[in-house]
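**Q** Chain residues, written in single-letter form:
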Amino acid sequence: MSVLHLVNASPFESAALSRCLARAGEGDAVLLLENGVYGALTGCRFSREVAEAAAWLDIRVLAPDLRARGLCASSLLQTLGQVDYDGFVELAVRHELSLTWT
Amino acid sequence: MVGALIMKFVIQIDASPHEAQAANTAYQFIKAALANGHHILLVFFYYDGVCNAQVSSFAGKDDLSGRWSALAREHGLDLVLCVSAAQRRGLVSAEGKDQGLLAPGFRIGGLGQWVDACLKADRILTFTS
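Chains as they are written, first to last, in the numbering used here: chain Z, 2 to 103; chain R, 8 to 136.
The following block holds chain Z by itself, in its conformation from the complex (with noise of 0.2 Å):
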């Protein structure tokens, strides 16, 4: 069974981001949501770890969280997609189990 993996803090101030990475196993989703968003960023000290896991790893962005935060797409990792609301919903569809990181 496929995990949507929820992570809502910033990798800045939270490890849950790479505990995550480090747990999620083929197959599953990461979703980057609220301050979780900077996780998203380009040309910090884990933009390389998110960069290698997207690489086999679904990573998507909640859009209306970055645009919330005024972070626009120059400032982002190009590979991860985005979604809104509705895509969050078809995520968690898509996938049997969802496991919130704190």
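Hints were generated in silico from the structure; no laboratory data involved.
Backbone N, C-alpha and C define an ideal beta-carbon position, used for all residues, glycine too.
One thing to keep in mind: the hints can contain errors.
[To be verified] Partner residues are not named here, just some residues of chain R that face chain Z (Cβ under 8 Å, in silico):
1) H45
2) H46
3) A128
4) L132
Chain Z is fixed; fit chain R onto it per the hints.
**A** Structure of chain R alone, referenced to chain Z:
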């Protein structure tokens, strides 16, 4: 086709709307799920999440308790507060009764309802800070 599947969701909310975005995210998720034809069997408010139910005398139009009430009215949502969490935060009496602090549409319950709904659900999501 995955997009055409209709699912039964249960949602747990563990954060107060005053100090974290989680409850608002849950609200937006539920609205989108309903708009896509899915069913929400239960929204369970646990820990500081019970504060979502509190009517504030100085709330503006962004007040989340009012928006929960409206959504519950419109879609017949079951909004359940954990009685123990609500008692600890002074929202309900020691006997577990509403003292007039709860917004319309919320009811007092317990983990029994949560477990029961989880057994019937296709998907379970937790929103926390």
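**Q** Take the hints in turn and mark each one as holding or not.
**A** Structure-based check of all given hints:
1. H45: Status holds, d = 7 Å.
2. H46: Not OK, violated: H46(R) not within 8 Å of chain Z, min 12 Å.
3. A128: violated, 11 Å
4. L132: holds, 5 Å
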